[in-house]
Amino acid sequence: MADENWNPKIIAIICNWCSYAGADLAGGARIQYPPDIRAIRGMCTGRVDPLFIMKAFHDGADGMLISGCHFGDCHYLEGNYKCAKRMFLVKNVLKNIGLNDRRLRMTFVSASEGAKWGMVMEDVVKTVKELGPSPLSEYQK
Amino acid sequence: MAEAKEQPRIGVFICHCGTNIAGSLSIEEVKEYAMTLPGVVVAEEYQYMCSTPGQSIIVDAIAEHNLNGVVVAACSPRLHEPTFRIATQEGGLNKFRFEMANIRDQNSWVHMHDWEGATSKAKDQVRIAVAKARMLEDLEPKSVPVEHAALVVGAGVGGMQAALDLASAGIKTYLVEKNPTIGGRMSQLDKTFPTLDCSQCILTPKMVDVGRHPNIELMTYTEVENVEGYIGNFTITLRKKARGVLTPAEAEARGIVGGGCNGCGDCAEVCPVIKPNPFELGMAPRKAIYIYHPQVNPLLYTVDFDSCIKCGLCVTACGEEKKAIDLDVVDTFEQVRVGTCILAIGYDLIPIEGKKEWGYKRYDNVITGLEFERLICASGPTGGKLIRPSDGQIPKKIGFVLCAGSRDNTGGVAKPYCSRFCCMYSLKHAHQIMEKIPGAVPYLFYMDIRSFGKMYEEFYYRIQNEGAKFIRGRVANILEDPTSKNLTVFTEDTLLGRPLSLEMDMVVLAAAIQPKPEAERIRQMFGVSKSQDGWLLEAHPKLNPCGTTTAGIYLAGVCQGPKDIPDTVAQAEGAASAASIPIHIGEVQLEPYFAQCIEELCAGCGMCVNLCPYGALDLVEKDGRDVMEVTEAKCKGCGTCGGFCPGGAIKMQHFTSPQICAQIDAFLLEGGEQ
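So the sequence lines, in the order shown, correspond to chains V and D. What the first sequence shows, in the working numbering, is residues 55 to 195, in sequence order. What the second sequence shows, in the working numbering, is residues 4 to 677, in sequence order.
By construction, these hints were calculated from the structure, which means they are not laboratory data. Be a bit skeptical, because a hint or two may be false.
Said to hold, decoys possible - Below, simulated SDA-like cross-link-like pairs (lysine to any residue); rule was C-alpha separation at most 20 Å, straight line:
no., chain 1, residue 1, chain 2, residue 2
1, D, LYS399, D, GLN535
2, D, LYS439, D, ASN412
3, V, LYS170, D, ASN412
4, V, LYS170, D, MET115
5, V, LYS109, D, LYS399
6, D, LYS278, D, ASN182
7, V, LYS139, D, MET610
8, D, LYS400, D, LYS278
9, D, LYS545, V, ARG84
10, D, LYS488, D, LYS533
11, D, LYS533, V, ASN59
12, V, LYS109, D, GLU523
13, V, LYS139, D, VAL147
14, D, LYS533, V, LEU158
15, V, LYS180, D, GLY120
16, V, LYS170, D, ASP536
17, D, LYS175, D, GLY120
18, D, LYS400, D, ASN412
19, D, LYS533, V, ARG159
20, V, LYS139, D, ASN489
21, V, LYS109, D, GLY651
22, V, LYS180, V, ARG159
23, D, LYS98, D, SER123
24, V, LYS139, D, ARG524
25, D, LYS244, D, SER310
26, D, LYS472, D, LYS457
27, V, LYS109, V, ARG84
28, V, LYS109, D, VAL612
29, V, LYS139, D, GLY651
30, D, LYS519, V, LYS139
31, D, LYS637, V, ARG84
As the list claims (entries may be wrong) - Quick partial rundown of chain V residues pointing at chain D, CB under 7 Å, derived from the structure:
no., residue
32, TYR87
33, HIS124
34, PRO189
Values in this document were obtained by computation on a predicted structure and should not be read as measured data. Virtual Cβ for every residue (Gly too), placed ideally from N, Cα, C.
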């Protein structure tokens with residue numbers, strides 16, 4: 055559906071302790087993945103305000119990824135649980151405003167899962183490419 | 004939006020990292036692009052930004068261009084943020100006026116063959132970092148005092164060494180061991196390679212030292228129940244399991260003068276309950292009131308309340324004078340406050356019966372390397388006489404299956420990693436049987452002999468010369484003769500390229516090792532990550548092998564990854580040294596990422612109070628209404644409160660909502676909305 059050469063705009067907010075370290079590990083291991091995702095480092099996924107997500111989609115993001123520690127591994131005990139709960143809320147809102155909620159994804163990548171980070175990157179880009187440009191991005195033009 | 008008191012003057016410094024970055028994207032283009040970004044007054048590039056000349060470029064540029072924000076586009080902030088923060092500080096700025104764009108680990112290394120894509124991503128990354136740098140504020144790190152005490156979990160050889168080092172450095176050390184005695188795995192071994200020292204002989208002096216050291220508080224039969232706090236100020240709750248036996252000190256506290264357990268063993272003699280002794284891997288009996296072995300430290304009997312029938316015979320045998328046994332005790336809890344912690348929680352063998360082809364637990368004469376240690380040990384169940392479990396005969400042909408479950412990608416119980424000490428202990432076993440049993444021949448079925456340590460290769464030659472047979476091939480199957488209980492080992496001699504079957508009297512599996520089942524609970528309590536293979540994750544595999552990502556928690560020994568005794572002791576000494584540094588400095592600096600309440604916006608709803616996992620937030624009354632207040636000493640800066648606050652009244656320092664929104668805008672709107 056989408057143009058072959060179209061590069062989606064995907065933003066990621068990832069936690070410092072697990073996913074950011076996992077992403078660094080993927081680099082160390084030279085795992086190659088598509089360059090469409092831009093990551094912002096936060097201390098914990100618990101920091102992710104639903105409004106950040108809404109803002110990103112409002113600004114024209116085609117997809118968004120939130121990635122943190124596995125359940126039970128959170129550096130701050132339970133921030134990832136709190137974030138995961140908010141994801142359900144935000145996904146509901148996205149559906150209600152007519153956005154496919156697959157544009158928003160939460161993943162759990164630990165500091166030792168460089169290979170998994172690469173897979174997540176591949177898969178998020180693939181999913182968003184299938185969905186095509188965000189209907190909201192039209193407003194940005 | 005944050006108050007823009009001053010015009011942003013940002014310097015962007017782009018690192019080539021040799022060809023690591025410059026080989027995959029256009030530094031020149033990124034630099035030119037950076038100059039066009041709002042607020043950027045200077046952009047520089049250099050071969051190695053982290054080098055001394057590289058850092059000087061930053062320091063000089065801050066003065067020359069009167070910068071108030073620094074962006075370095077280089078490797079990961081997890082690696083070099085501290086370096087560049089110091090450079091920023093040297094240039095005269097607050098060190099938190101620094102932001103990093105990770106164009107190496109998360110760009111050039113992962114998009115090596117996409118020049119255009121990587122260059123475009125690097126521009127975006129720089130733009131995002133500049134957007135944040137424009138909004139950075141001065142912050143002051145918070146300094147907190149460090150408790151002059153340390154905790155060591157696990158009293159095997161690693162834990163004991165770490166505790167001895169800490170204690171000798173003048174630090175009060177709590178050494179916690181879940182078993183009734185210290186000593187760990189090493190106390191189960193007979194001899195140690197390659198020197199063939201008797202394991203107990205070199206270990207027991209250490210055990211005695213640990214018991215005697217005035218700075219070590221030894222807590223056996225005790226488990227960690229809960230961990231709270233942060234580096235410098237951990238509060239550890241310990242569960243002292245009900246032992247049923249009083250130490251002389253405990254007895255005295257109860258007013259029994261000269262009482263308490265003296266280790267005489269009269270109680271065990273009369274105890275009617277017989278259970279397998281886990282120390283002897285079930286090959287010898289113990290009573291419900293027991294000691295593991297004669298050299299235990301502390302010499303103190305323990306009641307196994309799971310099997311005790313409370314008949315009271317032991318209480319009578321112990322007598323009125325000592326009154327050491329109390330069968331009605333319950334677990335007690337104790338809290339200790341420490342500055343740093345070392346985890347040395349060791350390992351287990353994999354359940355090698357899961358590799359069905361080798362028939363462990365189905366065939367009597369297939370045993371593990373650890374069982375061999377007990378059988379060949381003079382203090383073991385057979386008094387050091389190696390016999391076949393099936394008939395008590397002395398075996399003559401003994402097969403050793405190396406890499407039993409190690410370096411094995413077939414899944415199940417097998418592990419892909421090398422367990423590192425099985426080659427060497429199997430060589431030692433081969434030596435021991437040739438020494439003890441005249442005419443005995445060891446057959447070692449191996450993939451590779453990994454004898455990498457000091458004097459290890461020489462030891463390998465020695466065993467070869469002593470007459471051990473080496474067959475290079477993985478054992479495919481073992482079958483038992485039902486009458487003789489002899490074992491036929493099927494393998495392929497890969498050097499001769501032919502299949503082989505050999506009849507053995509006994510087979511010893513050099514089983515792989517794995518993390519202990521309780522490691523998962525312990526690591527989550529202490530906030531330590533795990534590697535892909537399940538071992539506890541060090542902060543950096545090469546440059547910080549003893550530390551973890553949680554400040555103040557250190558690792559020693561096999562719990563971090565398979566290693567032999569010399570490596571374990573070396574790491575334990577390293578961990579003890581690392582753990583003593585904050586204690587000796589006496590204070591640590593915490594990154595000031597605390598939550599702050601913007602009181603004009605706070606509606607006093609109190610939602611954040613329940614969200615905080617550390618109880619750092621409270622509602623207090625100010626000017627006739629409730630507002631939230633942060634206790635900075637408890638706040639760790641996760642931002643869970645800030646992510647939820649419906650009024651946007653919580654400011655997460657260094658990760659404020661305006662800063663994150665600016666980053667989002669910078670990427671998506673190309674910096675359009677400033």
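Give me the numbers of the hints this structure contradicts, sorted from smallest to largest.
Going through the list in order, the structure violates hints 1, 2, 5, 8, 10, 11, 12, 13, 14, 17, 18, 19, 20, 23, 24, 26, 27, 28, 30, 31, 33, 34 and respects the others.
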